[in-house]
Amino acid sequence: MSEMYQEGTEELLLNMGPQHPSMHGVFRMIVRLQGETVTGIEPKIGYLHRGLEKLAESRTYTQFIPYTDRLDYLASPHNNMAYVQAVEKLMGVEVPERAEYLRIIFAELARFASHQVFIASAALDIAGWTAWGYPFRDRERILDLFEMTSGSRLTVNAMRIGGMSFDPTPEFWAALESFVDDMPEKIEEYYNIYLGNEITQGRLKNVGILSKEAAENLCITGPALRASGVQYDVRKAEPYGIYDRFDFDVPVLYGCDSFDRNMIRFLEMNESLKIIRQAMRDIPEGPVMAKVPKIIKPPVGEVYHRVENPKGELGFYIVSNGTPKPERVKIRAGAFVNLQCLEEIGVGTYIQDLICSFASLDAVLGEVDK
Amino acid sequence: MDAINNLPVKIADVIRGLFADPNSIWADLTMTLIGMILVIVVIVVAALFLVILERKVAGWASQRPGPNRLGPRGWFQTIADALKLLGKEDFTPGNADKVMYKIAPMFVFGIPILTLAIVPFGYGMTVIDLELGIFFYLGVTSVSTLAFLMAGWSSNNKYSLVGGMRAVAQMISYEIPLIFSLLGVVMLTQTFNLTKIVEAQATIPFIFLQPLAFIIFLICGQAEVNRAPFDLLEADQEIIAGPFTEYSGLRWGLFYLGEYANLVAMCALAATVFLGGWQGPAILPGVAWFWLKVGLLIFVSMWVRWTFPRIRIDHLMHFAWKVLLPLALLNILLTGLGIYIYQLVIGG
Amino acid sequence: MGNNDVLRKRVDELAARVNGKVEEMIDTLVLTVQGAYITETLTAAKNFADVPCDFLHDIAGVDKVTHIEVVYQMTSLRGPQKLRVKAIVDREKPVIDSVTRIWAGANFMEREAYDMFGIQFTGHPNLKRIYMWDDFEGFPLRKDYVTEPVEVRNTMRVRRDDE
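Chains as they are written, first to last, in our numbering: chain U, 8 to 377; chain Y, 35 to 382; chain V, 27 to 189.
Okay, chain U solo, but in the shape it has when bound (with noise of 0.2 Å):
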């Protein structure tokens, strides 16, 4: 009898498709599973492609600010400084220090906002509901202050070339004082209620580990690497802005795991705030803007400027050849090279496993798939 038919199990083809509660955005993965054991994933990207690259080589360089809002959208002050600066930098362009230290502070708060995200987005993986709304109601804060100075509460788009767009009011001052002296309770808050549950921690470590090498060998950068034992942090090893001024830590931990991805977070939340309060307190008056031509024509050259953003590093190549309109603009994103570990920590765990792991490489489509 036992010839009639092979007793085995077969391999299941599951498509984790675009439409997902928790896909972070319209990430599709195809998944091999037996029983629920990942044996092979292969993600599909390119259903937010908007082309922004194309879309840079027939604006000018300042009509281009907004688009750069959109790719971390979570982060997008981020976006805009490292896009900014490395025009800066190709025109050799003088910011004045009062719009140094506004951009260093809109940039921690996003940072701020963007992490609080990841926290509530990663608790939603593992169904704590709770866990979510709490980053989410803290994060109102952020938002408000970013629609006092540029009306915008998402996608700021408060930077120019040269400087700053808009000078904050004094209820601005106001409320981040009082944000940045209520904040260090409710980062204990989110740790109490999410990392330090033990159900939590038993989902997390040891799950999905990314070892120091194949994290350099995959070229991996941000949090992910920081994880890893790397102690790399564009902040510290080519500072841009004013950021050798300030004093801070850039947390290692070395566990390889989503655990530590988790940790590391909450920990560069408080660093964050450390900045932000440093920056309040030094910065001086003056003009936000530099005296900058009306139409921006940088010489003929090239620059590539990266800076730290919250999922990794985001870097722009730009390409200039003289007329207001670049010739090429490349974008660097870190979630987009990120995504190649996801073979490495996720094959051999189940699936519940590879829905942590990917929460913790933190990825956001906008940028992703620019």
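Among the hints, a few may not be true.
[To be verified] Okay, derived cross-link-like pairs now, DSS-like style, lysine-lysine, Cα gap no bigger than 25 Å in a straight line:
{"hint": "1", "chain 1": "U", "residue 1": "LYS61", "chain 2": "V", "residue 2": "LYS169"}
{"hint": "2", "chain 1": "U", "residue 1": "LYS332", "chain 2": "U", "residue 2": "LYS61"}
{"hint": "3", "chain 1": "Y", "residue 1": "LYS122", "chain 2": "Y", "residue 2": "LYS192"}
{"hint": "4", "chain 1": "V", "residue 1": "LYS154", "chain 2": "U", "residue 2": "LYS61"}
{"hint": "5", "chain 1": "V", "residue 1": "LYS90", "chain 2": "U", "residue 2": "LYS96"}
{"hint": "6", "chain 1": "V", "residue 1": "LYS119", "chain 2": "V", "residue 2": "LYS47"}
{"hint": "7", "chain 1": "V", "residue 1": "LYS35", "chain 2": "V", "residue 2": "LYS72"}
{"hint": "8", "chain 1": "V", "residue 1": "LYS90", "chain 2": "U", "residue 2": "LYS61"}
{"hint": "9", "chain 1": "U", "residue 1": "LYS304", "chain 2": "V", "residue 2": "LYS90"}
{"hint": "10", "chain 1": "U", "residue 1": "LYS243", "chain 2": "U", "residue 2": "LYS219"}
[What the hints assert, rightly or not] Examples of chain U residues lying across from chain V (beta carbon under 7 Å, computed):
{"hint": "11", "residue": "CYS226"}
{"hint": "12", "residue": "TYR324"}
{"hint": "13", "residue": "ARG335"}
[Stated by the list, open to error] Simulated coverage check for chain Y against chain U, where a stretch passes if three residues somewhere in it have a Cβ under 8 Å from a Cβ of chain U:
{"hint": "14", "region": "87-96"}
{"hint": "15", "region": "256-266"}
{"hint": "16", "region": "337-346"}
Source of the hints: derived by calculation from the structure; they are not laboratory data.
Glycine included, C-beta positions come from ideal geometry on N, C-alpha and C.
Fit chains Y and V to the supplied structure of chain U, relying on the hints for placement.
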């Protein structure tokens, strides 16, 4: 208080008296029919109420108001939801197994009705006072595993299949500690009959005599009803909605209400076996005490759901087989020793 | 700085070996080579003594109308050295060696360059389109792939002072 306590029993006697022969089979049948209709009404109303209560508790846990638009402070939300579900298109997926697809929700909703029929709401107020009460309960709840598997298999959808498989693994694993935790109580009272178990708690509720069994029962109950942290079966973020992915409209509504009905049945059994059923100080009628206790347990269950994240499948199995089962067996050992020592000291 | 001189020396040596050209653009050394030498160049750059450029940041394609350039940005995780390597490939048949053997992380970056420019990377494990759908025809970021009419493209809208 006695008057209100026994009001339903008096009404039942009056109805029975309407028949020519109060003990004939027709009288029995009619009484049972009335009882079943009553239980169905109670379950449906309770399940509908629990939908909005869950959302309010969720709001309380997340420090937000919860639904507050429809009706006074939002309490009519379920009516709106039910009307919306009634208005949806009734379709069956193309390649689904039609018969199983349509029967599965009926099972999920029907089983709790059967189990609630043997629970005493007050003295003499059970629909059917079975001698084999607990045994019947355990046997019938095992059938709900089948319902989830049927739904998962017949939907012709890989997500549903994975969900159905998880259902089987989880529910079978957690039934065993559930059974063993109830065995301690049975050992103390020497009967399966639920009314006698409640009467045996006249001096002290069994939660104090069997604290370990109570905790194990609550945990296994939570797992049997598929609520967080044990809701892998319908894990939104991984397998969309597990076995319920392809259901919509009233069929899905039946599944959803069935889950809450299951919760009510489980908490009713816990209140009967561990908390003393309808007994309580005479300021309130017995039925009111019963529902208060059930309500307390339901609230605790909801609180746990909205606080804890979801547990992974291998941790789930590990927890059931390697932690809860030995604890339940330990409980039986201690109960046996306790009874023996008690008889040595008191009985002779 | 001392580091920069050492790096300059190494890059000059390497350029002599692979017939490349060294320039300094804004703050980075740029080494331009022909496409055929790329594997040798990048392996040597990764293994420079004292100043290894062992972390790849980005692979970009640039369409200069006469040829296509493939631009590699490299720095190091353990030092301040930076290097940009530009490989010149023919525009009609752009073929170049893949560097996934050297850095596994070049996988997605090369797929993007293929998708947008049509550059064939020999030795790539999975050279398929990554952003556009699989049956898409054409290579969007090339200069001759036009999406708006020439008249609209070359008009500059400038805000006047009295607006």
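Hints, verified against the model:
no., hint, verdict
1, U/LYS61 to V/LYS169, "holds, 9 Å"
2, U/LYS332 to U/LYS61, "holds, 12 Å"
3, Y/LYS122 to Y/LYS192, "holds, 24 Å"
4, V/LYS154 to U/LYS61, "holds, 20 Å"
5, V/LYS90 to U/LYS96, "holds, 22 Å"
6, V/LYS119 to V/LYS47, "holds, 23 Å"
7, V/LYS35 to V/LYS72, "holds, 15 Å"
8, V/LYS90 to U/LYS61, "holds, 14 Å"
9, U/LYS304 to V/LYS90, "holds, 19 Å"
10, U/LYS243 to U/LYS219, "holds, 20 Å"
11, CYS226, "holds, 3 Å"
12, TYR324, "holds, 5 Å"
13, ARG335, "holds, 5 Å"
14, 87-96, "holds (count 3)"
15, 256-266, "holds (count 4)"
16, 337-346, "holds (count 7)"
No hint from the list above goes unmet by this structure.
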